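Asker: Residue numbers (my numbering), protein chains in the order written: chain A, 118 to 531; chain B, 373 to 476.
Hints listed in this document are in silico derivations from the structure and should not be mistaken for laboratory results. It should be emphasised that the depicted structure is a prediction, and the values quoted were computed from it without experimental measurement. For each residue, glycine too, the CB sits at the ideal point set by N, CA and C. Among these hints, one or two may not hold up.
Sample of chain B residues lacking proximity to chain A, with all beta carbon distances greater than 12 angstroms (derived) [said to hold, decoys possible]:
no.	residue
1	Ile409
2	Thr434
3	Arg457
Using 25 angstroms as the maximum straight-line C-alpha spacing, the simulated SDA-like pairs for lysine to any residue come out as follows [what the hints assert, rightly or not]:
no.	chain 1	residue 1	chain 2	residue 2
4	B	Lys458	A	Thr317
5	B	Lys449	A	Arg349
6	B	Lys462	A	Arg344
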Amino acid sequence: MKHLLILGGGTAGTMVANRLLHRLRVERDFWRLTVVDRDDRHLYQPGLLTVPFGAATPDQLVRSRRRYLEPGVELVLGEVEGVDPARGRVHLEDGRVLPYDYLVVASGTSPRPDQTPGMAGDQWRRRVHEFYTPDGAVALHRRLERWLGGRVVVHVTEMPIKCPVAPLEFTFLLDDALRRGGLRAGTELTYVTPLDGAFTQPVARERLGGMLDARGVRVRTDFVVDRVDDGRLVSVDDREVPFDLLVTVPVNLGADFVARSGMGDELQDVPVDPGTLMSRAHPGVFAVGDATDVPTSKAGSVAHFEADVFADNLVSYDRGRPMTRLYDGHANCFVESGRGRALLLDFGYDAEPLPGRYPLPVVGPLSLLAETRANHWAKAATQRLYWNVLLHGRPVPIPSRAPRREPAATRAAA
Amino acid sequence: MPVVQIRERAVHVDDEGFLSRPEEWDEDLAKALAEQIGITLTDRHWEVLRFLRADYAERGQTPTTRRVDVVGGVPVKEQFALFPRKPGRKMAYVAGLPKPHGCV
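Bound conformation, chain A alone:
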């Protein structure tokens, strides 16, 4: 009997476990599947974006991990101390040792304000906030309830981050909320990014570039933060942006046990082959979801599309056959743009987000790269789809391949 151990029972780990279970049942293979996580609280992470605006509380976004793992998948609660890939073992902090034949690292990525001098200081959760954790989103909600005007800076410390469009969405939603509350005129809104634009891919930039402008949001680009001083962001090349309220996206790092086990890169992500998701250094060890270094979005849709190819590939690998279902970077994401509208982006490693229609089941085709009400309602419906359909790992009639489109450079040359 083969033992597959999955570290992390969030979006990616749960989808992979369930998907593989279905796959193995079809093959009548008997494997032992175990998921390890520190607690039994599965968080619907996209919902956190609505918490600062009072549209949800974290309790409404959390359910039992165990409940969403198919019967037959075991859940072990414990904190991972480290992995010993040479011996095929995982050590837990309480001393338990879990041997495995195959390992999947699905331990995600987390905001780490401690990585930027001054960020996690005495102003943390007072004047400096984030919305990627339940506590952070609640603290920001309390702050926004008391907001009477001043300078708000929305800030991305460093890429890549989990859900790269979230800071833009936050800005649009904040602009909308301030307008509705009559506080927009008294609020100066600035968006600060280390990238060379709010949207960096050429087509998205062209289509969406005016969205911040149209809302009167100032944009500061190429801003690599050196430190957070008292009420100021200071860049490594000595530029400064003052704030009364900083809403930052801290550096995102993978799990500390990944680094302790010597399996991580400079961001504690696991370097993997972008097609097969197998570790470059340790055959038989895979990574999925936010824990990898693949150059696409850290987003739930990526975990979904990866789970699609992973199950087939692992079975092939186990039988000594080549892994032929290569992941192509497919990702899609909704971007809430305020006023009850949203955009939908769909892209892959070599396919930029482009306009068109997207065939989502049940809710029908959606418009890509355009602000529509249908996209907003589809995004709102995604939470139900997530709990009831996507997590279970059953096939869903969504294309798992990225759109077949040429990158802009090729088109420009043609």
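On the provided structure of chain A, position chain B as indicated by the hints.
Answerer: For chain B alone, kept in the frame of chain A given last:
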């Protein structure tokens, strides 16, 4: 892909001027590319460029400024001094590598 002449050599570039075929790069070309953005290459520049080339050959991705710092040993602040204002882009440009990945 557009083809441009740089010091009488034809090289393939993308629509933002980044080399689209990293194998067409050599150190002479790097000097020419650096000149075009107003940079005179010193030994320290070369250390950075050689790290970028080796890292790209190994991983198939242009390293980020953090990676150049943590793995390549050149602090981000120094990268800004060597390749002012936009070190991530400028390092990639002179090293003949694809523009660093931006997601959306």
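Asker: Hint by hint, note whether the structure agrees.
Answerer: Against the structure, the hints come out as follows:
1. Ile409: 14 angstroms, holds
2. Thr434: Nearest chain A Cβ is 9 angstroms from Thr434/B, so the label is violated.
3. Arg457: Not fine: 6 angstroms to the nearest Cβ puts Arg457/B too close to chain A.
4. Lys458/B to Thr317/A: Holds - the C-alpha atoms of Thr317/A and Lys458/B are around 14 angstroms apart, at most 25 angstroms.
5. Lys449/B to Arg349/A: This hinted pair holds, its Cα atoms lying about 18 angstroms apart.
6. Lys462/B to Arg344/A: Distance ~23 angstroms between Lys462/B and Arg344/A Cα, so the pair holds.
Checked against the numbered hints above, the structure violates hints 2 and 3; every other hint is satisfied.
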